[in-house]
Structure formats: structure tokens, C-alpha cells
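Trainee: Take a look at the letters that make up each chain.
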Amino acid sequence: MKLGRRDFIKLSCATVGALAVGSTAKAQLFPGGFPNPFRPPPGKWFEGDVTTSYSYCEMCFWKCGMKVSVEGGKVRKVDGYLENPKSRGMLCPRGQAAPATTYDPDRLKKPLIRVEGSERGAGQYREASWDEAFDYIAEKMFAIRDEHGTESVAFMGHGTGDEWFASYLPGAWGTPNAAKPSVSLCTAPRETASVYTFGRGIAGHEQIDWDETDYIVLIGHHIGEDTHNTQLQQFAQALTRGAKLVVVDPRFSVAAAKAKDWLPIKPATDTALLLAWINVLIEEEIYDAEYVEKYTLGFEQLAEHAAQYTPEWAEAITEIPADTIRRIAREMAAHAPRAVLPVGRHVVWYGHDDSHRMRALYFVNILLGNYGMPGGYYLCDAPIVDTFPAPELPLAPAAGGCGGGPVEVGDSPFRPSVDRGKFFGTATSVQEFIEPMITGEPYPVKGLFAYGVNIFHSIPMVERTKEALRHLDLYVAIDILPMEHVMWADVILPECTFLERHDDLNLVAHKTPFIQARFPAVEPMYDSKPAWWIARELGIKLGLGEYFPWENIEEYLDRRLSSIGSSLEAMAEQGTIVRRGRPYIADWERLNRNPFDTPSGQLEFYSERFAEAGLDPLPVFIDPMEGPSGYYRLLYGRSPVHTFARTHNNAVLMEMDSENSVWLNTREAERLGVSHREYVYLENQDGVVEGPVRANVTERIRQDCVYITHGYGHKAPLMKLANGRGASDTHLQTRYDLDPYSGGAGLRNNWVRIVPGAPDPQHKSIAQLVRERSQA
Amino acid sequence: MSRMAMAIDLAACVGCAACSVACKHENEVPIGVNRLWIRNTTIGTFPNLVTEFRPEQCLHCENPPCVPVCPTGCCFVRADGIVDIEPMKCIGCSACIAACPYDARYMHPDGYVSKCDFCKHRVAKGELPACVTTCPTLCRSFGDLDDPNSDVSIALRGARRVDLLRPGLGTGPKLYYLNAPAKFGLVGEEGQRSS
Amino acid sequence: MTTAPRTTPTETDVAVLHLLLQLIAGTYRSPADALRDDLVSGALAEACAALAEALDLDAPGLLAPDWTTLQASYIDLFVSSGNGIAAPPYVGYAIDGELMGPSAQLLGAAFSDHGIELQDAWSDLPDHVAAVAEGGTLLAHGARPEAALALLEGYLAPWFERYATAIEAKDVSGFYGPMTKFLQAAIKEVTREARS
Amino acid sequence: MMTEFYALPNTEHFWHWPTLIHFFLVAMAGGAAVITTIALLTKHPKVRTYALVTMVLIVLDLITLWIESPARFRFTHVWIFLSFAPAAPIWLGAWGLSVSLVASFFVWLQKGPRALWATLLIIGSALALVYPGLALAANINRPLWTPVVLILFPLTGMLTVISIAHLLKQDWAKRWIAPLSLASVAMVIVYLAGLAMGGTEARMAFDYLMGHGGLLFALGLVLMAIVPVIRRVPVVAALVPLAGATIIRSLIVEVGQIQFFGF
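Residue numbers (this note's numbering), protein chains in the order written: chain Z, 9 to 784; chain U, 206 to 400; chain D, 89 to 284; chain L, 852 to 1114.
Everything labelled a hint here was simulated from the structure, so no lab data went into it.
The structure displayed is predicted, hence computed values, not measured ones.
Don't take every hint at face value.
[As the list claims (entries may be wrong)] Some chain Z residues close to chain L (C-beta under 8 Å, calculated; not the full set):
1. 663
2. 664
3. 665
4. 680
5. 706
Where is the CB? At the ideal position from N, CA and C, for every residue including glycine.
Work the whole structure out from these sequences, hints included.
Mentor: Here you go:
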């Protein structure tokens, strides 16, 4: 071996800045060299030095309190803890799988800027520093502001960090165009109906008094498939305790499998059933007259209105025998007030009908006298913790929570949001932001932030969304994984996973209201950053630094916690602070307070405010839209091991459930010649094709509809496990019906036909993909 | 002496797989093999249906067929009744995998057989197995059969009916299924084929 | 279990090893000004030539790479790409098939054992190939050439074995492909000579 | 009935092609040990050759076993000899082969007490010959591994080795081929009949076997059945039963890894 120059050659590029010689070498564990990596020392993580820290889960948005175990610098296990009212020591499969998302090798790693001149969606990027990325964004935002005004930048957000990206930053920047899919693509009708009936929202954790109820009627509510941890615990405990269960669903859901009565209702006719129940309760005078007399307004109008909705009328519509309708109504009444019809979460089903259905559901509950009573709906409010002292934002924080608080521009100089006037409610409607990006009406939307929202797997009419993205001057995606929509962005900002970050306090409206905190268990991997940091740094670049007067999140959290006599340090030791609630009307009456924040102070059957707006003051049944013949109504729901479209690259969860299948009634399958587990295509009424997807030939569904679980069918090659498996319901949703009350998008007005004979895509096993992924 | 056992209340179980995922992380079970899985089976015709959600894992039999066929003594029954494996004695002959009537055993990529061990490391600390702790439906009970006050003994006494998997083989499982939803007990036993 | 060279290395051996590790670190770090300077000034080509001469190899025929193409190629090969990246740049991943797996942890422990610490400013994983190579230069330049050699053999060589072909196949910059080929050959040569 | 899973039970095959090679080699090794035993007892002039062949086959088989073992570099096999597990067929087989190996070695050396080697060989060769069938039939949960294989496997094992002996022109071998073939055929028929006329699970197993290599199985059966017809054709007379026996044995091992749990 020879080297021309005796000296050590020095290359400046060899200084990476990753490692440095520290102060002292340790005792020699590995004298002489490095241990052979192919023989890692044996040992189980739980035999090592395990430390734990508190967090709350972000695998779905139920946000259960969890304890995170770290060993050897790596998160090994997460668990619930007993002191937390949401997890109560337990976690669902998705929560349990959190470490597999943090250590997903397909994660976004560095800020990326789309290569100049390349097309959106072509996926050509260059690496950038955070500073450079922020400069790029700020420059574009200023240009949009100067040409179109601040309102022309829209924000969409989902997840804990959406407080920053769908509320705070838009409020500071000055745009009312901030929205969460969790409103108009999920809960909007139930919230609008709730506010206008009870004077209170539902807001997040559905306040069902499971622990006290004796009789439960679920209307298409997929408990057990949407594994909302606490709800599932209480539901299962109620059943074990002997509570009776009735399930109304076109599909024999998991919950239906636990029911004493399954009513396989014709899809889109639930409102007729609910109205008939109102009819029976009133006609047979088995409603809670005392409760109705004391707490409600408009009963006379309701009684008169409901007289037309006889069980026989409903039978013809719902295909549920009138006798059954009567029997269930009588059973409910016999168990009242400990009989409850829980409100579901995702209720944007048929659009025009949704708010009517939700109000009718609430009315049955009121007639049973259960609202604010043990065994019915309890009353709850979030605990109050002061905000960090900062100047007032130019515009009220925009999108609100699941409840979707109103965004009123009021006297401010800002233009109202682009969806204003399309519906009665005041929360923004995320899907209504898309059209203005294309048409420029009522004014152009030229910039978009997508924080944690999978806009191709939530907003219907995916092609329209893509078209809209092409019209933008700036599209920024903040995410954890290279989802398809992320790889369309001009700037991609990698967020760290929740196990690697602090977040704002979570203030939970619950039977026992509580406050929970999230602490990072490990340092962020790669160059990923938490949402609070991204929002603040970007805010400073945008000249909005005055609204971010804290140096770091620790200072911010500590200051907020000090307002309730706690501190960040104390919170690190306990994770959760539980408050006392006032769950029942009696608790409020003792304090001489009225929980119902309606104009009348009563529970309102008849809504003057709807009447004034030219809407129906009482719920009505509207004939459902019908599909073309030979097509099935496309229903969708959840897999218990997945959340929306965001967990489909998690190796552990994908091993549990690696592709969805289309549920098709056995007799329909025989007619079509489709066999069980055969691959088929789904083609919707507008000719959009999804698949290949397996047929699940089953007795568990009616003949007039098919069902798939949501979130599959990713078209994102960077997500090696998720890509190309199963079919996407969202891509088949090429039409929706806007709920004129809430702005919700009714998504179940899409029909598909089954096209047999799709080729077997020969999907590799998840184990095989995991192996191959490491071998490039 | 004690006899550690588990009972799963099928009336409560919704087959959500939280147990399976918890097990995966707790025991670092490699992707591709499982210690615990969920079998959901539906019988009947529309609209008269029964769906059974059944978690399955090693049953820690009192008369385990996997133990006597082991040529090295690496498969054994502990004093507390947990059927265990000593990986450093395993030659990977798979005789125990062949003998297990419940598909509970798998070959670990590191070259030894592995399976559910009732989270013996947690049991040693007085904790419950990871699957029991995390279950949102509280369908699992665990404890010592010889202790009449253990969770599992109480659950067994309170059950409407108790079923065993493949009882005809005489394995004496110590994992009991309570309150099976179908009138005749567990569905999908041998002799019935899926169509 | 350790792998240690049989004989005490000479000063020349150490200089060669150091140069090789520098080139690995410089090649696979994010393409920024330092790399551009070394390319423009010819320092990199000179270093390659010196190493090639020392090891009786052909120096890589580097095309004068277009800087933007080189940057885009780096993202495409190592960070994120429409069809999946060619080479995840983590040595532990190449060995275990998982991130932060047992070898990454073993590597971290061994670095700290040798008094080498992770810098706060480093924003990627500690077993990034450039970081590991930088650690190697610190060892080689300090008094631990045998440790540097073990690092090269045990951790860097497997990464090249697994990904070199893919990098060469997918590179469009004319830089990463030839450099990878050259560096892999150099690693083989250095480890072979160390054993003999 | 419709079944869905979250995560899957461990139903994959646990024995793969190297195991099939082992089943072939162990048939030969066990059979060779039996022949050596008989040669020793009958003072056959070629007993040293047979002892040597036995040793070679046993060593080959043990090497195969070692190579296919995922624990090959942990050398845990030593535990077989440090434990007492007479209920484990593999333990019996390992001891049978080892004892046969040692005894054959001394027979080949022509050292030591002949009576001792004969005794050891009788026990060892019997264990080695019987163990494969035992290793299958021990699994009462696997319906294709019925008690019939306890007889079928030693029979076909002997057929395998005697066919080879015939191929190597050992005069005495020829007259055993046809009887062993026909005995094997008879046992295969008993085996199939037992499945076809058994309970629900046995009939499912029969269908499964027919669906997963039924034609090949029939071929194996035919090959053994035609032995009397072709017994005078040189080479073919040896190869045909060898092929037939090997096919039947391999199929039973390979396809028999099914169990109908939760179907």
C-alpha cells in the first residue's frame, strides 16, 4: 500500500457535523474495535433499563392517555394508565401500534421543495433547510396577500397540531378559510342539530352515560369497528352488566353481533324510523311527560307534526315491520330514562337528510327523558385553562374543534369565508374550499396548507381536488408520511410523530373533565419537527412573531398550567389532572343554573331560528336519492385496527388487516357469479373504477348495498406497505349532497356496480414487503 | 403449585385485535408470525346470524402434546402451569409445531420455536399479561385456577357456559372461552368447512 | 465479539483508511456548499486519485455533475423518491432491516465507548452512513485506527454490499454511481490488505 | 360460514424440502442399519461393506439434519444427548442412529464384542427404521398422519434401501423387492381406505390429499404396484419401486402438515 502524499489529506466535505470526540472515553466495553453487528447481544427490552413518560395517543383522535416505555433510546411499548379517564389503563390496537409508526422507514425526513418547473404530482423534490423552506413559503404567501388578500390562503388541519394550523396561525395571518375535515366530513350535522336542540354541542367524546344505561339503540353506530377506546370499554361493560342492545344498520356490524335485535334497515331511511318512534312514543303516551313538560319547548307542534309518521308508513319506507317498530319503542319507554339512542360520530351520510335525522334522534332521547339524566346523555364541559398571554388575533381562531365553532368575521376588515352562504351553520366546510380554488368565486383561493389532512382520502371528488391543486400558487403539506397528496405539495414539511414531541394541553369535556399532557419520549428522528415549532417559526417569518411570544413549548405549557396551580414539572409526574363534573341536570339545578343554552332556555323541539331562515322547524323525512339499476349503494366504515387513511403504512397494523374487501350479499354474488375472496373492480355511477379488491361474499349485509372499510387503496408508491392495497371509498365518492343546515357533505349518495374478473394483484405479504423494504 | 389460566368472555369480545398488537410489541414478535390472532366467524343466513369473535393463542394445556415430542427438553411446563420454551436448548426440529393442535407455535427468525408464554416476565412482577391489560372490552381474565378468588376462577364460576378448543384431543386447555354466542358452543370446530 | 486487525497498521495504512472514510463521509452527506467547493476546487478528484493510486484502483470517472441534478439525485437516491429510494442511508437498517435496531444500538454504544458523541446539530439518525464514516475519520485520525477498520468492515461494508448496485443503477447525476462503485472497491481493497 | 382474521394463525408448513431429503436419507440409513444387523447376525461376508455404507448414510443424514436446523450454529443438538425424552420420536431416532453409527463403526473395524454390537444394532436399527413413522403418527392432530404410517414408513423405508441395494447388484436384494412393494401397496390402500371411510375429519383429509398431489400419489402407488411385472428389467426394476416409495413418503410428509383447525 502506498500513498503519494504522506500527509493526511483534508476534505472539507468530510466534516459532516454528526459526531465529535467527546470529553472522555468510557471504560472499554469493546476493547480494540467495534462489536460484530451481525451478532447483536441477546436480551429483551423489558430486561433493560426502561424509563416511562406520559403522553396522550394520536393514533386516532380519541386521544387516550398513555404511558410510553423507552429502552435503549427506542420506544418499545405504550400502555394506558388507570388514572386517565380515557384509557383507564387500556389501549386499542391502533394505540398499541404507535411505536411502529415512529419507526416507519417510509417517514418524511427532511423539508423538501418541489423542483422548479416540475409539475405538481410529479414528485420531484430537492432538500431544503427549514429556514429556506420557511423563506420560500413566506415569499409566496406575501405575493398572494398582495395580489388577492390574506383570505386567499386556506388552511386545513387534523390532529392535535391543528390547533396551530387550522386555528391559531390562520387567525394570526387573517383568513377565515380554515377548516377541519372532522367537521363537514364527519360530525357537522350532529353538532348543528345539537346546538339548535339542546343549546349544547356534542363535541368530541360522545357524552353517553353508558355506565348507567339499561337499553341501548344504535343507529348505524359502528362500536367495535371504530375502536374508540373508552366508548368500547363502557359499551362492553354495559352489555356484560346486562344492558339490552338494539342495532339499526343495513349491515350486520360488530355491534349488531352483540344485539338482541338487529333491524336491517333500508339504507337512507333511518329518519323515517326515528320519526315513527316519535309517533309511537307520543301516540301511545309512553313518553316521559313530566320531563317534556318541565324542560322542552314546542311539544304540541311536534305531536301534531309526528302524527303523520305512523309505523305502517315507516314500514313501507324502512322495510322494518311496523310491529317491530312499536315493540322497540315500547321497550325503550319501559326502560326510560335509562334507555338511550347514542349519537354516532361520522354522521354525514345523505346530506339533505342528515340534520333532520340527528334532530329526530335527539327528540327520541328527549321523549325518553334521558338528556342530562342518569343512563342517558350526561352534560359536560371542557376544563378551563388560561391561554398564554398574547396579543388578540386579528381574526378569531378559525376552524374550531369537532364542534366547529362559528367563524364570524364581524366588523373586522376580512372577507367572510368562501363557503359562507351555502348553508345555514357557521362552521367552515372543508370540501367547499375546493371549488373556489378552481373558479375563483366568490374570491380566489391561491394558497393551501394541509396539516395532517389526507385530502385525497377524505374530501370527495378527488379529481376535482387535484385540479384545484394545479390552480394554486402555493401548496404546503405538513405530515409524517409521504401520502399521495403530500407528494403534490410545493413545500413538504416533515412533522415528528407524537411520541417525539410536546403538544398543547388536551382539555377534555368528559363526565369527569380532565386535562392531559404530552411529553416527548424520544428525540425527533431525522430533521422532523413538532407542529408548534413549525407554526411559530413560520409565524415569525411571516412577521407575526408578536402572536408567538413564548420561546419554546415548555415555557408555553408551564405558563398555561400555572393558571390552574400546576406546572409542567408536576404534569410530567402525573400526566392527567381530573376535575369534577356536573353530569346531570340536577347538578346544575342545585347551583340554580340552566345548562341549556338555547334562546328559550329549553330543549327546543320546534326551532324558531330554522323557521326564520326558511328551513324546516321540525325534522322531516326526505325521500332518499336512488341509484341507477344494477348498482349498489356504497356504504363504508372502519376497520378496528386502522384510523382514517393514516395507519396503512404501519407494519404491525397492516399485518393485522392488510387490505379491505367489498361486502356483497350472498344472493347478489350468486346472481353476479362472484365467488368469495375473488378479486373484482368497483365502478361507480360516474365510471370511476377502484380495485382490484376482494369480494367478501357474506350474509352480513342487505342486498341493496355494498360496504368497504375506509382508508385503503392508497396510490402512494413511497408508502411501501400501503400502496395499492384494496379500494378507496373516497375515490368512488364523485358526488355528495350538501346538508343545508350544517354544511356537511353527505357521502353515501354514491353507487357502485361490481365488475367481476379483476386480475389477482398478487399482493405480497406484509412480512415480505417489510423484508424487501430494507433491501431497496 | 399453581395453575395459571386465562378465560375470554366471547360475549364481550369484539375482535378488535388490541390484544394481538399489544402482544406484538410487548414480546417483539416478528412481522410474519403471531402469538395471538383473532378469528371472526359468521354462521347462519340473513337476517338470522351469529358472529363469534375469538382470540386464539397458546392454550397452556394441562396435557400439552407439544412437550413430550421435544427431543431436547426445551419445551416444558413450569411449576405454575405455563407451557414454556428454553430457546437456548431448541434445535428447531419443529416437532412441537407439528404436535400443536392450535397452530400456536412458530419458528422465530433467530432459529428457535416461540409462542405465547402468558407474558411470564410480567406475571413474575405480579402484572397481568399484556393482552389482558390492554383489552378495551375487559373480556380477558387471568390468574391461578387453584386460587378460588383469582380473576379467572371468578370468571369461570360466573359464566353462562364454558367451552374448550378441540376438547376431543384431550389436551386439557387452560384457556377457556366463556359465553360463546352460538347455541352449540364454539363455531368452526373441526369437521366443519368454510364454503 | 470483536474484529481486530492482525498486525499494527503502518502510518500509510492509517492515512489511506482515513482518506477512504473521509471520502465516504463527504460523498453521502447532504449535498451542500462544502461538497460543491470540493468538487469545484478539484480537492475531491485529487483525493480520489490519491486513494486510487494507493490501492491500485482506477479513479472514478466523475462527470462534471450539474449541481441541481446532483441535489435532486441525492433526494431521489437517499431521501424520498417517487418509486422508492435506492438506498436508505442507514447502516443499521442495511444490517437489521429495521430502524434503530440492535446493530444501530450496538454502534451507538461502541462510539460512546470510544469517546465519540453525537452532535446536537445533527438532525438525522446517528447511523447515517456519512455520520458513521465521520466517526471513522475521528477514530482513524485519533489513536484508534484498528477501531476505524472494524467500523469499516462491520458496519460500512455491509451497507455498500446491500445498496451499491441499486445506487449505481438508479443514479442520474454521474456522481453517486461512480463514487459508490469506487468506494466499495476501495473498502474491499483496504479490508483485504488489513487481513493479509 | 365465513371466517376473517386479524393477524393469522401459524399455519404455514413447518417442514420444507430439506426435511424431505432427510426423510429419504433416514429411510436409507435406517434400512442400511437393518441390513447390517442381519448381515452381522447371519455372518454375511459383506458385513463390513454394509457397515461402512450404513455409517456413510447415517453421517450424510445427520449432516442434512444439521444443515437444515435453524439452530445449526448454536450447537443445541447436544441437548438431545443430555436429556432423557423417550416419548419424543426425534430423541429416539437420534439415539437409534447414533447407536447404529457407533456399532457399525466397530463392526467395520471388526473390534470389540460382536454380541454387544449385534444387540446395539438390533435396537438402534429398529429405532432408526421406525422413528420417521413415529414422528408423524405421534401428531394425532394431523389427520393425514394416521397410525397406518407407523407400518407404512418402515416398509417403504426398507423398500427404498433394498431398491438401492438391487441397483448396486446385491443378489439377495432382488427377491425382497416385489414382496416389499406389494406389502407397501397394501398398506397404502389400507391408509387411503382408513381416510376415506373414517370420520368427517379423515374424509376431509382424504379430499385434501387428493386435491394437493392426488395424481402424484396415484403415480407412486402405481409404480410400486407394477413391480412384479417389471421385475426382470434391469435397473428399471430397482428404480421404479425406489421412485414409488419416495413419492408416497414425501407426499405424506409434505401434504400431511395440514390440520383442520377452525376450518
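Trainee: Each of the hints needs a verdict: does it hold here or not?
Mentor: Outcome of the hint check:
{"no.": "1", "hint": "663", "in the structure": "holds, 6 Å"}
{"no.": "2", "hint": "664", "in the structure": "holds, 4 Å"}
{"no.": "3", "hint": "665", "in the structure": "holds, 6 Å"}
{"no.": "4", "hint": "680", "in the structure": "violated, 17 Å"}
{"no.": "5", "hint": "706", "in the structure": "holds, 5 Å"}
In summary, the one numbered hint that this structure violates is 4.
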